[in-house]
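Hints given; two lone chains; assemble the complex.
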Amino acid sequence: MLLSARPPSLALPRRLLLASVAFMSVAVVVHVAWLLNGQPDWLLRGYFDYPNALFLIGCTVFELILCRRAWRAFQPGAPLRRAWAAMTVAAALHMTGMVGSQILGVDSALNPLHYWHEAALGLTWRPAALAIQGSLYMTVLSVGLWLVDQVYRRAGLAAALRGSDFLLMGLAVLYTGVVLKQVMDAHPRLTLLNVGDWSNNPLLCILLLQAIRLRRSVQRTAGGLIGNCWNAYLIGIFLTLVGSMGLWASAYGHLPYPEGAFTWYVWSSAMAAFTLGPAYQVAAIRMAAERDATDLTLAAGR
Amino acid sequence: MSQSLWGVLTRGDWRAAWDAVRIRLGRDEAAVRRGRRRLQQALREMQPVPARHPLRLVAPPPPQLRRREILRRELNIYLGPQVAAALVARAAGRGDECAELLGAARPMLELFLGGQAAASIAQRLAWLSRPDHSLVLQVVPDPL
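If you're matching them up, the sequences are chains A and B in order.
So the first sequence is numbered by the working numbering: it starts at 218 and just counts up by one.
So the second sequence is numbered by the working numbering: it starts at 92 and just counts up by one.
Hints listed in this document are in silico derivations from the structure and should not be mistaken for laboratory results.
Incorrect hints may have been included.
Listed next, with one range per pair, are the computed distances between beta-carbon atoms [as the list claims (entries may be wrong)]: (1) B:Gly194 / A:Glu476: 55 to 65 angstroms; (2) B:Glu191 / A:Lys398: 51 to 61 angstroms; (3) B:Gly194 / A:Trp363: 27 to 37 angstroms.
By construction, the Cβ of each residue, glycine as well, lies at the ideal position given by its N, Cα and C atoms.
This is chain B alone, in the form it adopts within the complex (with noise of 0.2 angstroms):
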C-alpha cells in the first residue's frame, strides 16, 4: 500500500498533512511523532491497512523523474506501455519541464484523441508545474 500526500490533502484533514511535511523537514521531533500518527489514523480511515504494518515514510523520487512517470502513466492509458515510454524517452531529450514533456506528447494525443481531448489532458498535466507540487510524499507500510 502506498499513497499519496494529496490524498490526505483532498481528505480536509490540513493538520496531517502539515505534519507530514515537517516529518519530512525533520525540524521537530514531537511534530514528527504526533504528525506520524495523525497521518496513519487519517491513511487507516481512507483505507484498511494491516494494524501489524506500521507507515513509513519515504522521500518522493526527484521532481523532474515524478513528472515523467507521471506522464507515461497517463499516455499509458490511452497509446499503451510501448508508445508511452518510447513517447516520454523523446520528450526527456527535450527537457524535464512540464511544457516540454507534455510538448512532445501532445502531436500524438491530438491525432489519436482528437484536439479537445488533448487539451483536457495538457490542462490537467499542467498542474505538475505547480509548485506545491513538490509536497508529494510516499507512505508504504513498514517491513519492520
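Next comes chain A alone, as it looks inside the complex (with noise of 0.2 angstroms):
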C-alpha cells in the first residue's frame, strides 16, 4: 500500500539493527547457557572463535563499503567528504585490524594458517591487528570526528556544553590516568609489543573527550537520519569505553568472575553502532535521490 510503504533507502540500517538484535539475542543465551552448565570453555571459544568473529569481522566490512559510499556522495571540496574520508581510512583499518587479531591471531578452524603454519600464530600476528584496530583506527577515527565538529560549527548547530559534560571529561581523564599509571607500572618499557597498551587508553579518551563534546551539537539534529548516523558513533565510542573499562576491572579484580563477563558482550555492539553510522548517512543520501513529488503531497496530507 503506497502510504504504509516503508521508503526503501531506511531497509539497510533497519536490517543492520535487526541483525544486531538477533545476534545480542544469540549471545544472551550462549552466556545463560555457560553460566548454567559450569562456564566450559568450549562453549566460550565456540562462540567467540566463530559466530562472535565472523560478526565482528562483518561489521567492519559493511563499515567500510558504507563509509566509501559516504564518502563517493559528497563532491570535491565538501567538507563532509573529507570527514567521510578519514572514516573510510578509519574503516579500512578498523576491519584490517579485526581479521588479523580475530581470524589470523587466533588457532581456530577459520584460520588458514591453522593448516599451514602453525608457529606463525599468536603473538606474530595478535599485537600488531590489536595496535591496527586500537590505536591506529581510533586515531583516525579521532581526526574524522573533528571534522564532522567543525561541520556542525559551520553550520552554526555547535552547542555549549553543560555541567555534567565537564563532570563525565573530568571522569574520563581520571579513569584514564589511573589505567595509564597501571600500564606503565606493569610495562615500564615502551616497546613495538605494549604500544597498543600504552596509547589505547589515552586515545579512547580523547575520542571521548571528542564524543561528549559533539553530542550536544548532535542532539539538536536528533530525530533525523543524519543526527542518527553521528549518534550511532558516539553510541560506538561510549560502548568501546564500557568494554574497555570492563576488561580493565576483569584484569585487576574490580568485577568478580564470571559475574563481570557480560561485558565481553559489549564490543559486539560497538562494531555494530560503528556500521549504523554510515548506513544512516548513506539512507539519508538515497532516500533524497529516491523520493518523488508523490512522496512530498501525501507527505503533506497525513
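Structural data, given as C-alpha cells:
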C-alpha cells in the first residue's frame, strides 16, 4: 500500500539493527547456557572464535563499504567529504585489524594458517592487529570526528557544554590516568609489542572528550537521519569505553568472575554502532535521491 | 485517516478527482453528491476505511502554510524536528515563495547531504510552485 510502504532507503539501517539485536539475543543465550553448565571453555571459545569473530568482521566490512559510499556521495571540496574520507580510512584499519586479531591471530578452524604454518600464529599477528584496530583506528576516527565537529560549527549547530559534560570529561581523564599508571607499572619500557597498551586508553579518552563535545551539537539534529548517523558513532565510542573498562576491571579484580563476564559482549554492540553510522548517512543520501513529488504530497496530507 | 487528492490523481481516477474539485467549488449539487460518492469509493479501494465513518472534505490550509509544512516535513527526515522548524522559520522570514523557502534550507542540506542530494530535494520541492498544486484537498473521516 502506498501510504504505509516503508521507504526502501531505510531498509539497510533497519536490517543492520535487526541483525545486531538478533546476534545480541544469541549472545545472551550462549552466556546463560555457559553460566548454567558450569562455565565450560569450549562453549565460550566456540562462540567467540566463530560466530562472534564472523559478526565483528562482517560489521567492519559493511562499515568500510558504507563509509566509502558516503565519502563518494559528497563532491570534492565538501566539508563532510573530508570527514568521510577519514572515516573510510578508519574503517579500512578497523577491518584489517579485526581480520588479524579475530582470524589470523587465533588458533581456530577459520584461520588458514592453522592448516599451514602453526608457528606463525599467536604473538606474531595478534599484537600488531590489536594496535591497528585500536590505536591506529582511534587516531584516524578522532580526525574524522574533529572534521564533523567543524561541520556542525560551520552550520551554526554547535551547542555549549553543560556541567554534566565537564563532569563526564573529568571522569574520563581520571580513569585514563589510573589505567595509564597501571600499564606503565606493568610495562615500564615502551616496546613495539606494548605500544597498544600504552596508547589505547589515552586515545580512547581523547575520543570520548570529542564525543561528549559533539553530543550536544548532534542532539540538535536528533530525530533525523543525519543525527542518527553521528549518534551511532557516539554510541559506538561509549560502548568501546564500557568494554575497555570491563576488561580493565576484570584484569585488576574489580569485577567479580563470572558475573562481570557480560562486558565481553559489549564489543559486538560497539561494532554494530560503528556500522550503523555510515548506514544512516547513505540512507539519507539515497532517500533524498529516491523520493518523488508524490511522497511530498502524501506527506503533506498526513 | 486523511488523503490528498493527489493520491486519487495518481491512481488514475480522473473523474472522481474532477468531481472532488467541483465539490470544493460548490457549483453543482448533483456533482457534489456524485463526486463525493465516487471519491469515497476510490479512497475505500486505496485503503481500508471504517464503514461507519463517512468521509468529509476539508479545505486545505492556505498555499504558503502548506508549502512551509511540506518543507518542514522534508527537512525533518534528514535534519530532525528542531533544525527543520528553525530553518522553516528562517525561510518564512524571507518570503513564502518556493524558491525563497528552499533557498534558506539548501546550504544546510548541501552541507550534510552533499550537493547532488540537495539538488534532488530542490528539484522535488520545485513541484510545489506548480499552479495545479492548489487543487490539493484533504479528506478526513466525518465524526458524525
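Here is what the structure says about each hint:
| no. | hint | result |
| --- | --- | --- |
| 1 | B:Gly194 / A:Glu476: 55 to 65 angstroms | 59 angstroms, holds |
| 2 | B:Glu191 / A:Lys398: 51 to 61 angstroms | 60 angstroms, holds |
| 3 | B:Gly194 / A:Trp363: 27 to 37 angstroms | 30 angstroms, holds |
In this structure, none of the earlier numbered hints is contradicted; all agree with it.
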